[in-house]
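So the sequence lines, in the order shown, correspond to chains B and F. So for the first sequence, this note's numbering puts the first residue at 92; every next one is plus one. So for the second sequence, this note's numbering puts the first residue at -9; every next one is plus one.
Some hints could be false.
[As the list claims (entries may be wrong)] Using 25 Å as the maximum straight-line C-alpha spacing, the simulated BS3-like pairs for lysine-lysine come out as follows:
no. : chain 1 : residue 1 : chain 2 : residue 2
1   : F       : K59       : B       : K189
2   : B       : K117      : B       : K189
3   : F       : K43       : F       : K157
4   : B       : K313      : B       : K93
5   : F       : K7        : B       : K174
6   : B       : K189      : B       : K176
7   : B       : K317      : B       : K306
8   : F       : K105      : B       : K93
9   : B       : K110      : B       : K227
10  : B       : K227      : B       : K117
11  : B       : K174      : B       : K201
12  : B       : K262      : B       : K93
13  : B       : K176      : B       : K201
14  : F       : K43       : F       : K59
15  : B       : K93       : B       : K317
16  : F       : K151      : F       : K12
17  : F       : K79       : B       : K110
18  : F       : K59       : B       : K174
19  : B       : K227      : B       : K103
20  : F       : K12       : F       : K0
21  : F       : K105      : F       : K79
22  : B       : K262      : B       : K313
23  : B       : K103      : F       : K79
24  : B       : K93       : B       : K306
25  : F       : K158      : F       : K43
26  : F       : K126      : B       : K93
27  : F       : K105      : B       : K262
28  : B       : K185      : F       : K59
29  : F       : K151      : F       : K43
30  : F       : K79       : B       : K93
31  : B       : K262      : B       : K201
32  : F       : K158      : F       : K105
33  : B       : K174      : F       : K(-1)
34  : B       : K174      : F       : K6
Calculated directly from the structure, the hints in this document are not laboratory data.
Spelled out, the chains give:
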Amino acid sequence: MKNVFVHTQNVKNFIAAMKESETVRKDPALLAFIGQAGRGKTSAAKFFSAQNGWVYVRALTGWSELWMMQDLCFELRIDPIPKRKKPAFEAVVKSLRKNPRTIVIDEADKMDATLLDWIRDLADITYVPFALVGEKLLARKMQRERRIWSRTLRLVEFDPISAMDIIFFAKQAAELAISAQQAEMLRAASDGDFRLVARDIRRIEDLFAVNKSDKVTDEMVKTAIKMGLRGR
Amino acid sequence: MTSSAIARKKLLALRKKFAAEKTMTAQVRAAMRHLRTFDFLSLEHLVPQHPEKRIRGVIEEFRRTGEIKSIRPGCYEYLGNVRHVRRTKLDVIWHLVRSHRQFTTDDIERLSGAKRDTVLEYLHCLRRLEFIRQVKRGVWQIVADPGPDTPVNTAKCARLKRLRKEKKGDA
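Next comes chain B alone, as it looks inside the complex (with noise of 0.2 Å):
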């Protein structure tokens, strides 16, 4: 199988979310994407922020004011850090505002009201995008404070993978052609988890190229299913 990122619908309504935000200059951009866990937000938020640059930051338990900051001079570059609120803040603006660049920051559900205030300052400040991405926890926090919700461009959901996301999959990184009842199967056994299907997708693989068939057949992913259920 292919090693390759595929682009699911999830990944398709993030790049939609942040092209919008880009043309978005004079406004400030929060933008939210919430989901459960294996649902492929982090793989796209670093997918992305790999390849166009962007600065990435992961939120931590019982991260400061402080500390936040100082992430986020680190990750610009800013030396010496600031070892102060105000100047590691004003340091930050200065570097955004010379040179505006994305900013990413995953399991932003940890972070409590004080630190998204700290966002949204600077998303005030400096009309560079905020992506936040987090669980559900993430919307609830973010439209407690009209402030903030109301500086949101989009929130966008990561659904569970759908039958054509598993038949896009399978051709691109298996080149395998399956049928819509058979990525039905699939979907309904992994329960939108991308991880079971992968792992699904790669037994129907091996079965396909030691049954020398030229196509897969229903009984190839029953196999599969049944194969990745034993040790659960």
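Given chain B, put chain F in place with the hints provided.
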């Protein structure tokens, strides 16, 4: 302490800070970044351990790539590392390494889009530079994070330099 003694102390601290960079180019870059606007003498003052010819070589290279610009004869301004604008596969790999706490070779290959050989070569380079360690086959962990600037594969640069020299010698 007199003002000259304080100035001398600060100068020694700066020299020590720049000398801590891994390569000569990185040391000169750090000095340029500190000075912002400089001439050859002010730069050499901060990195005296390197011969004049090599420092001038770095200045010329940076001027050619646009990392510095000449504001008047003999005087330059540091603009910033142009590698930030032109992202290479190694920039992407390093970004991914830093964004993961622990990762596999497969993760980096998939998310970077780079060839597996490129990924492995660079991961081993980072291991030799002691930024990451190999937990087990195919699994790595970051142990030291020097920041977003992509570490240079110094072993490969030295090897290529040696090969070029040998080629020149043959020709």
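Status of each hint after checking the structure:
no.: 1; hint: F:K59 / B:K189; result: 18 Å, holds
no.: 2; hint: B:K117 / B:K189; result: 16 Å, holds
no.: 3; hint: F:K43 / F:K157; result: 23 Å, holds
no.: 4; hint: B:K313 / B:K93; result: 22 Å, holds
no.: 5; hint: F:K7 / B:K174; result: 19 Å, holds
no.: 6; hint: B:K189 / B:K176; result: 20 Å, holds
no.: 7; hint: B:K317 / B:K306; result: 19 Å, holds
no.: 8; hint: F:K105 / B:K93; result: 11 Å, holds
no.: 9; hint: B:K110 / B:K227; result: 23 Å, holds
no.: 10; hint: B:K227 / B:K117; result: 28 Å, violated
no.: 11; hint: B:K174 / B:K201; result: 23 Å, holds
no.: 12; hint: B:K262 / B:K93; result: 10 Å, holds
no.: 13; hint: B:K176 / B:K201; result: 20 Å, holds
no.: 14; hint: F:K43 / F:K59; result: 19 Å, holds
no.: 15; hint: B:K93 / B:K317; result: 23 Å, holds
no.: 16; hint: F:K151 / F:K12; result: 17 Å, holds
no.: 17; hint: F:K79 / B:K110; result: 22 Å, holds
no.: 18; hint: F:K59 / B:K174; result: 32 Å, violated
no.: 19; hint: B:K227 / B:K103; result: 20 Å, holds
no.: 20; hint: F:K12 / F:K0; result: 21 Å, holds
no.: 21; hint: F:K105 / F:K79; result: 9 Å, holds
no.: 22; hint: B:K262 / B:K313; result: 19 Å, holds
no.: 23; hint: B:K103 / F:K79; result: 23 Å, holds
no.: 24; hint: B:K93 / B:K306; result: 19 Å, holds
no.: 25; hint: F:K158 / F:K43; result: 20 Å, holds
no.: 26; hint: F:K126 / B:K93; result: 22 Å, holds
no.: 27; hint: F:K105 / B:K262; result: 20 Å, holds
no.: 28; hint: B:K185 / F:K59; result: 22 Å, holds
no.: 29; hint: F:K151 / F:K43; result: 17 Å, holds
no.: 30; hint: F:K79 / B:K93; result: 19 Å, holds
no.: 31; hint: B:K262 / B:K201; result: 37 Å, violated
no.: 32; hint: F:K158 / F:K105; result: 30 Å, violated
no.: 33; hint: B:K174 / F:K(-1); result: 22 Å, holds
no.: 34; hint: B:K174 / F:K6; result: 22 Å, holds
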